[in-house]
Amino acid sequence: MWDSFGFEFVNYYFVPGLVLGCIYALGAIGITLTFGILRFANFAHGEIMMTGAFLTWTFLELSKLIFGFYFHPLIACIPSIFIAIAIALSVDRFFYKPFRDSPTIMIVMASFGMMLIIRSLVQVIWGPNQITFVKGIAKPNGILRDLSGSFDMMLLVPSKHIFIILGTVIIMLAFNYMLTKTRIGKAMRAVSDSPDLAKVTGIDVEQVIRATWYVGGFCAVMAGVFMAMDTQFIMSTMGFRMLLPMFAAAILGGIGRPFGAVLGGLVIGFAEELSAYPWFGNGPLLSPGYKSGVAFSILVLMLIFRPSGILKGRVF
Amino acid sequence: MDALIGYFLYFLSLLSVGGIYALLALGLNVNWGFAGLFNAGIAGFAAVGAYTFSLLTTAESTFHYGGLGLPVVIGEIAAFLIAGIIAAVIGIICIRLRADYLAIATIGIAEIIKLIFKNEAELTNGPRGISKIPRTWEHFSEARYFSSQPLSWFGDSQSWQAFFDSLVNWWWQPLFAMTILFFVFVVYIMLEKARLSPWGRMMTAIRENEVAARAAGKNVTKRRVEAFIIGTMIMGLAGALLAQHLRFIEPTHTFDPSKMTFLVWVMLIAGGSGNNRGAIFGAFLIWFVWSASELFLNGFIDIIGNIFNGMDISMLKNRSGYLRMLLIGLVLQFVLQKYPKGILPERRPAASGE
Amino acid sequence: MTSQSEIMNVSNLFAGYGETEILHGINLNVNDGEIVCVIGPNGAGKSTVLKAILGQINIRDGSINLADQDIVNTPTTEIIKKGISYVPQTNNVFVSLTVEENLEMGAWVNPEYTQKKLIEMYELFPDLSEKRKQPAGSLSGGQRQMVAMAKALMVNAKILLLDEPTAGLSPKYRSEIFSTIKTINNNGVPILMVEQNAKQALGVSDRGYILVDGANRHTGSGIDLINDKEVARMFLGSRE
Numbered sequence: 001m002w003d004s005f006g007f008e009f010v011n012y013y014f015v016p017g018l019v020l021g022c023i024y025a026l027g028a029i030g031i032t033l034t035f036g037i038l039r040f041a042n043f044a045h046g047e048i049m050m051t052g053a054f055l056t057w058t059f060l061e062l063s064k065l066i067f068g069f070y071f072h073p074l075i076a077c078i079p080s081i082f083i084a085i086a087i088a089l090s091v092d093r094f095f096y097k098p099f100r101d102s103p104t105i106m107i108v109m110a111s112f113g114m115m116l117i118i119r120s121l122v123q124v125i126w127g128p129n130q131i132t133f134v135k136g137i138a139k140p141n142g143i144l145r146d147l148s149g150s151f152d153m154m155l156l157v158p159s160k161h162i163f164i165i166l167g168t169v170i171i172m173l174a175f176n177y178m179l180t181k182t183r184i185g186k187a188m189r190a191v192s193d194s195p196d197l198a199k200v201t202g203i204d205v206e207q208v209i210r211a212t213w214y215v216g217g218f219c220a221v222m223a224g225v226f227m228a229m230d231t232q233f234i235m236s237t238m239g240f241r242m243l244l245p246m247f248a249a250a251i252l253g254g255i256g257r258p259f260g261a262v263l264g265g266l267v268i269g270f271a272e273e274l275s276a277y278p279w280f281g282n283g284p285l286l287s288p289g290y291k292s293g294v295a296f297s298i299l300v301l302m303l304i305f306r307p308s309g310i311l312k313g314r315v316f
Numbered sequence: 001m002d003a004l005i006g007y008f009l010y011f012l013s014l015l016s017v018g019g020i021y022a023l024l025a026l027g028l029n030v031n032w033g034f035a036g037l038f039n040a041g042i043a044g045f046a047a048v049g050a051y052t053f054s055l056l057t058t059a060e061s062t063f064h065y066g067g068l069g070l071p072v073v074i075g076e077i078a079a080f081l082i083a084g085i086i087a088a089v090i091g092i093i094c095i096r097l098r099a100d101y102l103a104i105a106t107i108g109i110a111e112i113i114k115l116i117f118k119n120e121a122e123l124t125n126g127p128r129g130i131s132k133i134p135r136t137w138e139h140f141s142e143a144r145y146f147s148s149q150p151l152s153w154f155g156d157s158q159s160w161q162a163f164f165d166s167l168v169n170w171w172w173q174p175l176f177a178m179t180i181l182f183f184v185f186v187v188y189i190m191l192e193k194a195r196l197s198p199w200g201r202m203m204t205a206i207r208e209n210e211v212a213a214r215a216a217g218k219n220v221t222k223r224r225v226e227a228f229i230i231g232t233m234i235m236g237l238a239g240a241l242l243a244q245h246l247r248f249i250e251p252t253h254t255f256d257p258s259k260m261t262f263l264v265w266v267m268l269i270a271g272g273s274g275n276n277r278g279a280i281f282g283a284f285l286i287w288f289v290w291s292a293s294e295l296f297l298n299g300f301i302d303i304i305g306n307i308f309n310g311m312d313i314s315m316l317k318n319r320s321g322y323l324r325m326l327l328i329g330l331v332l333q334f335v336l337q338k339y340p341k342g343i344l345p346e347r348r349p350a351a352s353g354e
Numbered sequence: 001m002t003s004q005s006e007i008m009n010v011s012n013l014f015a016g017y018g019e020t021e022i023l024h025g026i027n028l029n030v031n032d033g034e035i036v037c038v039i040g041p042n043g044a045g046k047s048t049v050l051k052a053i054l055g056q057i058n059i060r061d062g063s064i065n066l067a068d069q070d071i072v073n074t075p076t077t078e079i080i081k082k083g084i085s086y087v088p089q090t091n092n093v094f095v096s097l098t099v100e101e102n103l104e105m106g107a108w109v110n111p112e113y114t115q116k117k118l119i120e121m122y123e124l125f126p127d128l129s130e131k132r133k134q135p136a137g138s139l140s141g142g143q144r145q146m147v148a149m150a151k152a153l154m155v156n157a158k159i160l161l162l163d164e165p166t167a168g169l170s171p172k173y174r175s176e177i178f179s180t181i182k183t184i185n186n187n188g189v190p191i192l193m194v195e196q197n198a199k200q201a202l203g204v205s206d207r208g209y210i211l212v213d214g215a216n217r218h219t220g221s222g223i224d225l226i227n228d229k230e231v232a233r234m235f236l237g238s239r240e
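Protein chains in written order, with the numbering used here: chain G, 1 to 316; chain L, 1 to 354; chain R, 1 to 240.
Hints are computed from structural coordinates only; laboratory data are not their basis. Be aware that one or more of the hints could be misleading.
Capping the alpha-carbon separation at 27 angstroms, the derived lysine-lysine pairs in DSS-like fashion look like this [said to hold, decoys possible]:
#1 K172/R / K199/G
#2 K116/R / K181/G
#3 K341/L / K97/G
#4 K97/G / K259/L
#5 K182/R / K172/R
#6 K181/G / K64/G
#7 K259/L / K118/L
#8 K158/R / K199/G
#9 K193/L / K259/L
#10 K135/G / K97/G
#11 K182/R / K181/G
#12 K199/R / K199/G
#13 K172/R / K199/R
#14 K312/G / K133/R
#15 K116/R / K172/R
#16 K199/G / K116/R
#17 K338/L / K193/L
#18 K181/G / K229/R
#19 K182/R / K82/R
#20 K97/G / K182/R
#21 K118/L / K291/G
#22 K158/R / K199/R
#23 K291/G / K193/L
#24 K312/G / K182/R
#25 K64/G / K199/G
#26 K133/R / K97/G
#27 K181/G / K133/R
#28 K229/R / K199/G
#29 K82/R / K116/R
#30 K97/G / K193/L
#31 K82/R / K131/R
Chain G stretches covered by chain L per the calculated footprint, using a threshold of three residues with CB under 8 angstroms from any CB of chain L [said to hold, decoys possible]:
#32 9-20
#33 68-76
#34 187-197
#35 216-228
Think of the CB as a built atom: it goes at the ideal place given N, C-alpha and C, for glycine as much as any other residue.
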């Protein structure tokens, strides 16, 4: 059973689906937080992810230049996180804050504009071409292969994927702790429920908004770095490419429900990868050219039939 | 003299493309200015119009079904109508979505449309695109046109060939530009009529106070779908004209939402949203700024290259396009914060009708 | 000038939303230890008075003093910090947060007293103690109102503003709420409440103000107003 179906399915479809799902989940968290607390769809979110990846690449190259060897991306990403959060806070201060009390459309337009501005800035600085993030072919992790092999279920999973999956789980646990056990996390949930009530309760909404950009920015950079580790290259269009699946994940899970976003991300990740599996007969279920259409279609269908999502988030 | 002609032709091309964008902006104005619909799928609808036109009017191809070689006018009408049909389907299902949800949905739908054009190569020639698209006026000088009716009534192939050879090679440009401006003019007049009509005033009422309009018994949803369809049909027409201007379209880069959709939004916001004149003004203004900035930036880079002899300026020139996009993005932010109503403010129709 | 035991003084208040003026020269005050209610027909501007005190609307003229300090044009978060607690009419609990988390949020401006205040509140509202881990959105209307009031009391409130606390509640819960209000007041918190249930409200109040069309109409002690014939004709006839 494992040899005929399991091996191929798990190693070439399921695990990649899980990895992609983790990446989308992390990105979708930022989107659903912004949607819930700031009440708008942030079109510039993908660009923060992309910028995080590019900054990390720069620090990787710097580490080679200065120290003679490449750091691990998960080390090089640390300064990127600080810079990306600083960018997110500045963007909020200069381009979003003026529209706090305006109709939503103004801030959505502004975020549209930020999407272009950030992407163009990256293209001016780093150029429009694809850049290799990590060289070489990722070999399956030996320990896991031998361990699973001893159970007759050989798992061929490259180390980068193990990092991504474990990293996402750790971030999720930390995030859950923050939301349920810390004061600022509870305040974030409170503002997400009702900003007006939060104000008259005396909660400092601007402080909560800053916390949102911290958390959202962090998750975005991690998602971007994980994506770069997975595909092993980065390009300036990767932000927009990921944006729609992340919107789909956030809406699928229910706006303002961070764990819905995680669930949504996993569903979309699996759906994209598993759509290429030859479920019936010889050919893939969906031709590979339409893979990116899977997320779009789920998105449009959700918006039409169940905009409140699986976990019943807010519908505006 | 040649330089003068050069400037003249450059100016004509500015008018042509500016006019195409003006049509896109007018269409968007029907969606946004009349009905408050955030349509972020402009690039997709323009693509529908462009592909419809191209598939109907190009010569028969061995790679895909069609082209059908039909007359350009038929192609333009078809682009207009097919875009409307697609919009009707989308509009009916999406119309109730709130502003940013509608934006997400329309972007998603535009991407799906482009994916279909990319993948269904039998219909559309896939990523290789469609080339040799006939350009109004210039197409007369192609063999397949002057050797068939109606041109064949006035002379045989050889005399036509000789005639066209005798013209300057840019003879068709003023005519093409005028055709586009003619379309802009006609669409503008019709939209102004619509704005002042009972339908238009109802749209204004709905936009200002939807609750009151519903309470007064107006079928708000139906009006919105109508506005969505009409605006999108205009975008389809603009797409057909764009196809003619470029003579070559393909599914991924020609209809880049970052450039097309975004630029048209900047044009409408800067020019004056809710406002047909503002749409046209914004389109030409931003297009001129966009094109002129290319000249300025390149000239500036040349100067830098001259000052720092031997510096490789090709990389700078390469990236200047992105710098321009950055500047346009900043222009949008500036306009949004300081002039949210745009440069040409809306003139409201007086109660008695002007 | 406020007198010794006066907590709040609203004087000659003109206020409204944007261009529209709703309040045309309102006067009222609340003394230490009092329950004061504001009643009147729909549209009289009762809730608007509370919103003005909180700094949520445009104040054109007049003064609002909290213990000798004019708080007009102070931002809402500052006003809350100064000790004005507010329970809105609707949307007054965080529905996805548990009862206990709601109370914790109530203590935001004075977090160091949270644990002490929690113990106090659970004593005052034993029902809530049972349900402390339940999401506030799953409670009944009356219980939610309790959560809302407890939440507002998590800080050392100098005065508690209640906006129609019994709106939409069944008669059983109404009586419970009014008796809770009395208990809170007995614990030393002055209360300014806006109410639609005029008779019951006046019944627990020390004094009342009657507002009509954004201006003062009557004022007097609770009992006097209940017995006033004109007031009875205006409001109390159709009630209960």
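Violated hints, by number in ascending order, as checked against the structure
Hints 1, 6, 9, 10, 11, 12, 15, 17, 18, 20, 23, 24, 25, 26, 28, 30, 31, 32, 33, 34, 35 contradicted; others consistent.
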